[in-house]
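Now for the letters of each chain:
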Amino acid sequence: MALAPPPARRRRRHATGGPAWVPYAYLLPHAVLFVVFIVYPVAFGVYVSLHRWNILSDVQRYVGLEFYARLVTPGTPQFAFFWKTMGNTALFTAITVPALLLSALGLALLLDRPIPGRAFFRAVFFLPTILAVSVMGLTWRWMFENQTGLVNILLDLIPFTQAMPFLTNVGWAWVPIVVGTIWWTVGFNMILYGAALAAIPRVYYEAAMIDGAGAWAQFRHITWPQLNPVTLFALVTTTIASFQLFGQPHVITSGGPLRTTQSVMMFITEEAFSNFQFASAAAMSVFFGLLLLLVTGLQFRMTLRDLGRGVR
Amino acid sequence: MIGSAPVRPPVAAGVDAPTAYRRPAMRAWRDVLRFALLCVLALLFLMPIYWMIATSLKTEAAAVAQPVQWWPHEPTLENYRTILASPNAPFLRWTWNSLFTSTAFAGLSVLLAVLTAYPLSRMRFRGRDTWFWAILSSMMIPGVIFLIPHYLMMIRFDWIDTYHALIWPGLPAAFGVFLMRQFFVSIPREVEEAARIDGANSLQILVFVLLPFLTAPMATLALFQFMASWNNYVWPLFVVHGEMQTLPVAITSFSSRYWTAYGKLMAGTAIASLPILIAFLFTQRYFIRGMSLTGLKDE
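Heads up: the sequence lines are chains A and B, in that order.
The first sequence begins at 1 in the working numbering and counts up by one.
The second sequence begins at 1 in the working numbering and counts up by one.
Worth flagging that the hints you see were computed from the coordinates, not collected in a lab.
Take these hints with a grain of salt, some might be off.
As the list claims (entries may be wrong) - One side only, chain A facing chain B, incomplete, derived with CB under 7 Å: (1) Leu-27; (2) Trp-142; (3) Ala-281; (4) Leu-292.
Said to hold, decoys possible - Here are some, though not all, of the chain B residues that point toward chain A, as calculated from beta-carbon distances under 10 Å: (5) Asp-31; (6) Val-64; (7) Arg-93; (8) Thr-95; (9) Ser-137; (10) Ile-148.
A virtual CB, placed ideally from N, CA and C, is assigned to each residue, including glycine.
Input sequences plus hints: build the corresponding full structure.
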């Protein structure tokens, strides 16, 4: 009795689009791919990490948490290299994320009020973002080439500076990677900041001016607080992207010298595709992925908030 | 006007009536400074691209000549000719690989996103919200999780060194579905009522009534997915090799052959970026508007 759907409801469902199976038919193609390439691989990755995986064998031996244990046991090569590359990646993130946010905000502020050629400037600063990482990497490797690179030629010309073998010098090898990354990606956040700046009501500034607030006070008390949501969004997305660093050091320094610019992603791929330790690489991916989840979870919450704004 | 400012005590230190009085002149000066700064920055931003093209037009000797040649003194297309003629660097094939797989990926992405977002936003059925949440939650999973299992699956499917490996695994990402759904829900419900009364079925309503409202977001999504696929690096680096490589990945493997022959390397990077640069020239307004519209990166 209670199970029978009320007839009124059935009629309404009918009215919004034919037979009841119709919506499911639309969902089917995506659902199949979703299960095969998203749901299954997550489970499969964990499964692989619990076995001693040999791609040439049909039977894989179960080893439990052995590969996870190695990551937290000092003395194993996995422990040494995973945490070393993790430190490299954290260093890169700590330098580039603030630099990318500040330079993006700076460019957006420069372009905020009308100026001749504004669209041109915006396009120029955005332009590098469309290039492939290999194009960007090779170009910057050439720019920073130890002897004949343009940067070193300029450093020789400028008084009180001198050429520096950037690519092969521990520590300095980060310079081409960081500079290249900022050049390559600052345009994204610049556009985000630009849109947010344009959305701040001008009356706020007019009111502040009447109250006698100077440029800095206006920025400090109006612009910056109004940009808070965008800053948070840019902070989270840029952090996620930075932690997944791969292409820039892969092309510019190959992770050298002495693995000082090797990122976690590079070490995971080395473990899998050079050492054929797929289980170990899978364990590291899961471990690293769970750490990243802390940041992507934040992004997810922000997306949900956007969703709430957009829908209702 | 001058009298109105000092009525209230200044909020910030050092700000008083004369500042307000001087403002127009100061602003003009500031605009000149701002313009000059922008010009310098634009030059810096364009420098690497200029240097890439300039180097590609020099002979190898001229590329590393001391003192430096700020522009190619004897411009030559020799580097382009050499690498395009090189039998172990099939640039045309690599370009086609990238073009085909990126186009297919973008087209299928848009199709899937539309088909999936349509019922999720404009129909009522059991499990709708649960399924939408499931798709949305997948956005949280960091990409690194998929690398190893996807690779092992490609071996199992026998898809290593095929276009399939470059197209299918990334398709069900939630981004497109999420984006299209946001635009679907913004279309007023009344527009499809009339069509329904006339007896149109759901597919006719989608194609003839709703899609005309969605051409701009569909184009934006296609553009982003094309770029994402074209510029993808980690995945194609490992699943396709030799002549099956995509152009951006191929120029790095090509670079290990010409490690310090920068004239040829820069000719290679110029060839790899030219199609995208030209496309950008024509679509950049659209592009930048799309960026602020979606507020999302392709990462």
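| query | Any of the earlier hints contradicted here, and which numbers? | reply | Violated: hints 7, 8.
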